[in-house]
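Participant: Sequence:
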Amino acid sequence: MRGQFYSAIAIMIAVPIVVFVSLYVTMQGSENGVYKIIVSDQIHQVEKSVESDFGKAVVTSGKRAMIAGDDYVVMNGRAMTDAVTGMKELMQNGTIEGNESMLMFNNTISNWTSKILAVPSNFDINISFWGLNVSSYGSFQIKASARINVSVADELGIARIYKKGQYYESLINIEGAEDPVFTLGTNGAITRTIKISPYPYRARKLVMGSLNSTGNCSGNVTLDRNDCSSKILVADNVTGVTLSCFSGFIIEDSVNLSSSSDCYVTGNNSAVEAVTQAVAETDYQNVYIDEKTKAVWHLPIREEIDNKFYFAGNGPVFIKRLEGDLNQTSDGLETFVNLPELENNQIPIKQNSISVDYIYFGDQDYNGYPVRGLQGWFRLNKTFTDRYNLTELCNGC
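First residue of the sequence shown? That's 1 in my numbering, and the numbers climb one at a time after it.
No lab work stands behind these hints, which were simulated from the structure alone. Where hints are given, some of them may not hold.
[As the list claims (entries may be wrong)] Straight line, CA to CA, 30 Å or less: simulated BS3-like cross-link-like pairs of lysine-lysine:
#1 K115 - K88
#2 K195 - K88
#3 K350 - K382
Keep in mind the model is a prediction, meaning the values are calculated, not measured.
From just these sequences and the hints, can you work out the full model?
Facilitator: Put into structure tokens, the structure is as follows:
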């Protein structure tokens, strides 16, 4: 581990200096203050290096333990009984439920301690850790913490440092780990890697149009009147525009485009600003024009569904997912199942079930309803459409 390497280097650099000073002191029979300062300084550097690298050892070991716990669920096809206890066991002993984990080889905190103590030196070094704990921290991190006792002294007793119970904590990002919910919910047929959504919201209504607005369509937007590429034009008016070039229109003027297009929203003098601001904020170019609400909608949720992104929500945290616990939490994460993916893997589909992961894979079925502008197979109920700002687009909520 990187922390072990740095601490070992610090000790090895300090050794020649301490050996020289110790020999000189022995030969001269004197403990001059200069010698004490040199030795004390070296001891201090070693202690600080060990103390600092302990935090790195905790995060390295914790990251490995998270992966090893994930691997345990995948390989055994069953959830962990107690994920916190399991991760602590992995970090400390390299085992899970008493079974050795190859992923933890040379990556436990105990390994780190042993390697530091094994470095040849003229120091008396003692290291011990205690109070190891693992817990969830927000939606996308795990917190690993422990306390360390460090004692460093030279063999002649010139100087000694002893620190007891120094507290260290490290945050471990879960992005890139496999989600146990999908492994357990599909009997290992589908795995899902946690990718955090780049979008700050699921849906937003950007523009309300006039009563003569009409049609349903979606597409990337353009502000270029000459961009003849079947995009949705966003402009203040249609002067000089070749209307046949565009699949839809978002126009600030109150104009009737029924003779030229079957999908448009007009009559809102803040349309250009609202659309361009939303696109700039999210880098998501696509909008949806909805006839029923006569509005323009920004729906990054479409990308979250297709790209299998995760976002902060009320789903179980990662540690609970390792235990197969699908209960809601106040500070968890959620994603959506992809029904075409399930069908492609010959997994029976729950018809009309809510497409949120921890609801879909739960024991109880909750009916959902189609949402305009989203994938045809996708389903939500009013609880989730309210949460995602999609209620006005829901057919049946």
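Participant: With reference to the structure, classify each hint as holding or not holding.
Facilitator: Now the hints, each set against the structure:
| no. | hint | verdict |
| --- | --- | --- |
| 1 | K115 - K88 | holds (20 Å) |
| 2 | K195 - K88 | holds (25 Å) |
| 3 | K350 - K382 | holds (19 Å) |
Violated hints: none; the structure is consistent with every hint.
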